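Spelled out from the first residue to the last, the chains are:
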Amino acid sequence: MAKEYLGNLELMVLLSLIRVGDNAYGVPISHEIEQRTGRDVALGSVYAALDRLERKGYVTSALGDPTPERGGRAKRYFQISAKGVKEVRDAQRMLTNMWRNLSVLQGELA
Amino acid sequence: MRSEHPPVVASWLLERVCGDPGLTGDLIEEYRRRGSAAWYWKQALAAVSVYPFSQILAHKWLAVRAIAIGYAIWFVFNATLLKGVIRPWIGMDSTFDRATYFLIAYTLWLANGWIIAKLHRPYSTAMVLAYVLWAIAASVQPVYAVVMTTLDGSTDGSALAWTVAARIVTLLMLMSGGVLCTYRDQIRRTSHGWRGESPRAFAG
Chain A
1 MAKEYLGNLE LMVLLSLIRV GDNAYGVPIS HEIEQRTGRD VALGSVYAAL DRLERKGYVT
61 SALGDPTPER GGRAKRYFQI SAKGVKEVRD AQRMLTNMWR NLSVLQGELA
Chain B
1 MRSEHPPVVA SWLLERVCGD PGLTGDLIEE YRRRGSAAWY WKQALAAVSV YPFSQILAHK
61 WLAVRAIAIG YAIWFVFNAT LLKGVIRPWI GMDSTFDRAT YFLIAYTLWL ANGWIIAKLH
121 RPYSTAMVLA YVLWAIAASV QPVYAVVMTT LDGSTDGSAL AWTVAARIVT LLMLMSGGVL
181 CTYRDQIRRT SHGWRGESPR AFAG
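Protein chains in written order, with my numbering: chain A, 1 to 110; chain B, 1 to 204.
Calculated from the structure, these hints are not laboratory results.
The model shown is predicted, which means the values in this text are computed figures rather than measured ones.
Treat each hint with caution, since some may be false.
In silico lysine to any residue, SDA-like type, Cα no more than 25 Å apart, as pairs [stated by the list, open to error]:
1) Lys42/B x Lys3/A
2) Lys83/A x Lys118/B
3) Lys86/A x Lys42/B
4) Lys42/B x Val27/A
5) Lys56/A x Ile56/B
6) Lys3/A x Ser54/B
7) Lys42/B x Leu9/A
8) Lys3/A x Leu62/B
9) Lys42/B x Gln106/A
10) Lys56/A x Phe53/B
11) Lys56/A x Leu62/B
12) Lys60/B x Glu32/A
13) Lys83/A x Val27/A
14) Lys56/A x Ala137/B
15) Lys83/A x Leu119/B
16) Lys42/B x Lys56/A
17) Lys42/B x Ser45/A
18) Lys118/B x Ala74/A
19) Lys3/A x Ala58/B
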């Protein structure tokens, strides 16, 4: 089966998951992305990305208890798996290699 | 005045189309912090338009299965039962006969959407949407043919209007069947309590 690479949003979601740590659910994950990147990401898009990541085995999720302040809806907690951590490391290695020795990005002429 | 409760219609749409209590709960939590109905609507519409398509792309073979099952049900219900048995039995002589026939026909489309949804939990709405998209694609050729006959004067405009309206109602009945099935599942889940697992746990 062909290897599935991480998309831009998927990588940001995984990195946010690592940053948030325990008790990571949709709201803190999207806040983390917003604070770090300045991007206003729709929660629906974050959930769609998390669904894809769960299908790929990079993330696991579990439902908590319903709470009244959320209209009786439970929080869905997400956790990055060992496979997900490895995938983030691979992405970092790949991107660092792509970035290396690019004079244009260092303010010099190509 | 700032309301503590988010817009009801937007929440209803979210629950029926996305079906994830985590997402709806997160949006309610954020709504209570921000207090903007416009923000809530924007987020709900974004989720409703992104989430089901993302699920279709993520579960392509499930979508293919949903289309195949929908087609098989259509063949049994529409091509065999409706046209082969019910139509000759009812006859189409009076307005009442025709009304009865269309009522049965659209109920069968509703049942089609329901069955597809029932067989594709937890991705019910997304899989019904996959079949609806296929039905839209399958409608292009017949609608195009009626447009052409209308343009060359073989048929009048009412035939085109009827064809388009009938197909739109069909698609709405399909989606309604899917949404009703999801709604029933959600009521049952609420009364029995959620299992503390991923929605994937409901699959199969």
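Hints, verified against the model:
1. Lys42/B x Lys3/A: Measuring from Cα to Cα gives roughly 35 Å; hence the hint is violated.
2. Lys83/A x Lys118/B: Violated, because 32 Å separates the two Cα atoms, which is more than 25 Å.
3. Lys86/A x Lys42/B: Outside the cut-off at roughly 35 Å; violated.
4. Lys42/B x Val27/A: Cα-Cα ~16 Å, so holds.
5. Lys56/A x Ile56/B: This hinted pair holds, its Cα atoms lying about 15 Å apart.
6. Lys3/A x Ser54/B: 19 Å, holds
7. Lys42/B x Leu9/A: 19 Å, holds
8. Lys3/A x Leu62/B: Since the Cα atoms of Lys3/A and Leu62/B sit roughly 20 Å apart, the hinted pair holds (cutoff 25 Å).
9. Lys42/B x Gln106/A: 39 Å, violated
10. Lys56/A x Phe53/B: 17 Å, holds
11. Lys56/A x Leu62/B: Holds: Lys56/A and Leu62/B sit about 16 Å apart, inside 25 Å.
12. Lys60/B x Glu32/A: 31 Å, violated
13. Lys83/A x Val27/A: 24 Å, holds
14. Lys56/A x Ala137/B: 30 Å, violated
15. Lys83/A x Leu119/B: Given pair Lys83/A, Leu119/B is violated - Cα atoms ~31 Å apart, limit 25 Å.
16. Lys42/B x Lys56/A: 29 Å, violated
17. Lys42/B x Ser45/A: 12 Å, holds
18. Lys118/B x Ala74/A: Holds. Lys118/B to Ala74/A sits at ~23 Å (cutoff 25 Å).
19. Lys3/A x Ala58/B: Holds, because 14 Å separates the two Cα atoms, which is no more than 25 Å.
Figure legend: structure checked against the earlier numbered hints; hints not met, in rising order: 1, 2, 3, 9, 12, 14, 15 and 16.
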